[in-house]
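Fit chain B to the given chain A structure using the hints.
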Amino acid sequence: MKQHQDITRDRELLLGLAKSDDKSLETIYSENFPAVLRMILQHNGSEDDAKDVFQEAIIILYEKACEGNFNLTSRLKTFLYSVCRHIWLKKVQSTYGLYAIPPEMEETIPAAEVVDEHSTKDEQFRIMESAMGSIGEPCKTILEDYYIQKKSMQEIAEKFGYTNAENAKNQKYKCLMRLKKLFFDQYNTSL
Amino acid sequence: MKDDMNLLREIERYLEGEMSGQEKAVFEELRKNNPQINRQVEEQQFFLQQLQHFGQRQSLQAKMDHLHRQLDMPTLRKQAQEENLAAKRVSIRRRTITNLAAAACIALVTSLSTIAVLQNAAKNKSTAQYEDVRRVLNNIQRSQNALINDINNKSKAPTNPGTYGGTGFAVSGNGYIVTNYHVVAGADSVYVQNNKGEAFKAVSVFEDISSDLAVLRIADSTFKSQPLPYALKPQNAKLGEEVFTMGFPRDEIVYGKGYISAKTGFNGDTTAYQVSIPVNPGNSGAPLLDNQGDVVGIVTGKQTTSDGIAFAVKSAHLKRLLDEMPKDKSMKKEMARKSHLEGLNRLDQIKKLEEFVYMVKVYN
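So the sequences go chain by chain: A and B. For the first sequence, numbering that gives the first Met the number 0 gives the first residue as 0, with consecutive numbering after it. For the second sequence, numbering that gives the first Met the number 0 gives the first residue as 0, with consecutive numbering after it.
Hints may contain errors.
What the hints assert, rightly or not - Each pair of labels, with its calculated beta carbon distance range: (1) A/Q153 with B/N83: 55 to 65 Å; (2) B/E17 with A/G67: 21 to 31 Å; (3) B/A103 with A/N68: 51 to 61 Å; (4) B/T95 with A/G67: 45 to 55 Å; (5) A/R177 with B/E82: 45 to 55 Å; (6) A/N68 with B/L84: 49 to 59 Å; (7) B/R8 with A/D20: 31 to 41 Å; (8) B/M72 with A/G67: 31 to 41 Å; (9) B/T95 with A/C65: 41 to 51 Å.
What the hints assert, rightly or not - Below, simulated BS3-like cross-link-like pairs (lysine-lysine); rule was C-alpha separation at most 30 Å, straight line: (10) A/K90 with B/K31; (11) B/K87 with A/K89; (12) B/K87 with A/K90; (13) B/K62 with B/K77; (14) A/K179 with B/K31; (15) A/K180 with A/K168.
Everything labelled a hint here was simulated from the structure, so no lab data went into it. Quick caveat, the model's predicted, so the values are computed rather than measured. The beta-carbon is built from N, C-alpha and C at its ideal position, and this holds for glycine as well.
The shape of chain A in the complex, shown without the other chains (with noise of 0.2 Å):
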């Protein structure tokens, strides 16, 4: 085990992970996710949700990263476990209403403050997913394309056989204009 290496190695890892680099992201995952899936199997868990719980851990770690002014004071391996745990601990007991903390799983370091801190993002994401989702296609790939994935417009017109880039554009606009309303609605009434 890699019990007692140095703290620079993680923020390493970190800093990759921010960049969207895939090899960090899988040292990671691959080194972190035995010990949660432990965890959670230890904890009356099954393996999908040692996946969900890990896997929003990471998200975490990686919206904490991009921020730019998350200091990593602990051991990644510590940070993610704690943040996992406490996830883990606010599922079940709001699944099982009051149930009794098992001592062991008391916290090590305070993950309270982050995890809270995420649920507002999550909320935000869990919108524009539904949002995504209702707006149909081809509105949802043109979205897709032209604001994440970055293709010109050239591109799209292309590949939905529009006569040209305009035409794709005016299409773009009014999916945008719909999937802004849909956005907005639901984000309006959530908070």
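Relative to chain A, chain B alone:
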């Protein structure tokens, strides 16, 4: 609708930096003057950011799913289960040991305290059932006594009648008196007083705690020795034998009559009898005599839980004790071989006996 779209297009061009310098200035002017448009710009900015996040997260999710599929789940599962089992075993073992230790401690404490309580209770029971019949002299008796002392002015004994009282009787002509150990225990000084009111200073010369007997010697020059009319009976008295006693439960000598009701004393004590005879505090040390006028025992105590049950040390035991006494005490072994009281009726027996039964007064 068309206007909205045009506005959106403008906003997008503005945000993406596609506008020329002049256009940009115009738009910024518009933005400054029209708060609604300004709000829309901000909204668009926020929305694009959201969209960006959405995209990033989706791609991250996709990557993670891809990574997850690459994991060797069966091996991981097995490892995790094994480690958890081991951890559980350790924690169970630890918990079991803790519980066992706690249970053992409780058991130990319980049994020890039970033993202590039982022993204590047994002791309490004994003392509760058995009561020494020495007398605590109260003030009224003291004043009576003082009066008697005044009348019989020969006595040099202090007018203070003492703290405790009991009975004793002579076992030799020259002033040896037997009484109960508990009567004279812890005494500073002891006085004996006969029925005529004559008091003599006495000293304890021998004590036997186990059988609760004490031998006193009269250490007073005014005491005149005289031969004893009775003997210590060496054999055990028979069950049911009629006995009588004379003692000082009050400042006057009191006669009591009864019978031997058991051959053993309190708690099966073989050195004593159980006697059915009325005894009261002050009777301690009184002689127990049979019809022939022989001493068969010494009254020591009674059972508190039932009436009329008293205990007396056997005369045979007293005899053995006197034989064991150091010889240099100059006690004359002149105890009558045969009772001079035999054949006399009870009234005459009592009259002769009176002189040899003493009230023992203890000062401490």
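Do the hints match the structure? See the list:
1. Between A/Q153 and B/N83 the CB atoms are about 56 Å apart, so this pair conforms to the stated range of 55 to 65 Å.
2. Remark: the range hint 21 to 31 Å for B/E17 to A/G67 is upheld by a beta-carbon distance near 28 Å.
3. Take B/A103 and A/N68: their Cβ atoms lie about 57 Å apart, and the range 51 to 61 Å holds.
4. Between B/T95 and A/G67 the C-beta distance comes to about 51 Å, which sits within the given range of 45 to 55 Å.
5. As the Cβ distance of A/R177 to B/E82 is approximately 51 Å, the hint placing it in 45 to 55 Å holds.
6. Range check, A/N68 to B/L84: about 42 Å between beta-carbon atoms, so the 49 to 59 Å window is missed.
7. Evaluation of the 31 to 41 Å hint for B/R8 and A/D20 yields a pass: the beta carbon distance comes to about 36 Å.
8. Look at B/M72 against A/G67: about 34 Å separates their beta carbons, and that is inside 31 to 41 Å.
9. For B/T95 and A/C65, the hinted distance range of 41 to 51 Å is satisfied, since their beta carbons lie about 49 Å from each other.
10. Distance check on the hinted pair: A/K90 and B/K31 sit about 47 Å apart at the alpha-carbon level, beyond 30 Å; violated.
11. Restraint check: the Cα-Cα separation between B/K87 and A/K89 comes to about 23 Å, which is no more than 30 Å; the hinted pair holds.
12. A threshold of 30 Å between alpha carbons decides the hint, and for B/K87 with A/K90 the separation of about 23 Å falls inside it, so the pair holds.
13. With a C-alpha separation of about 25 Å, the suggested pair B/K62 and B/K77 falls inside the 30 Å cut-off, and the hint holds.
14. Among the hinted pairs, A/K179 with B/K31 is consistent with the structure: their alpha-carbon atoms are about 23 Å apart, no more than 30 Å.
15. In summary, the hint linking A/K180 to A/K168 is supported, as the alpha carbons are separated by about 18 Å, within the 30 Å threshold.
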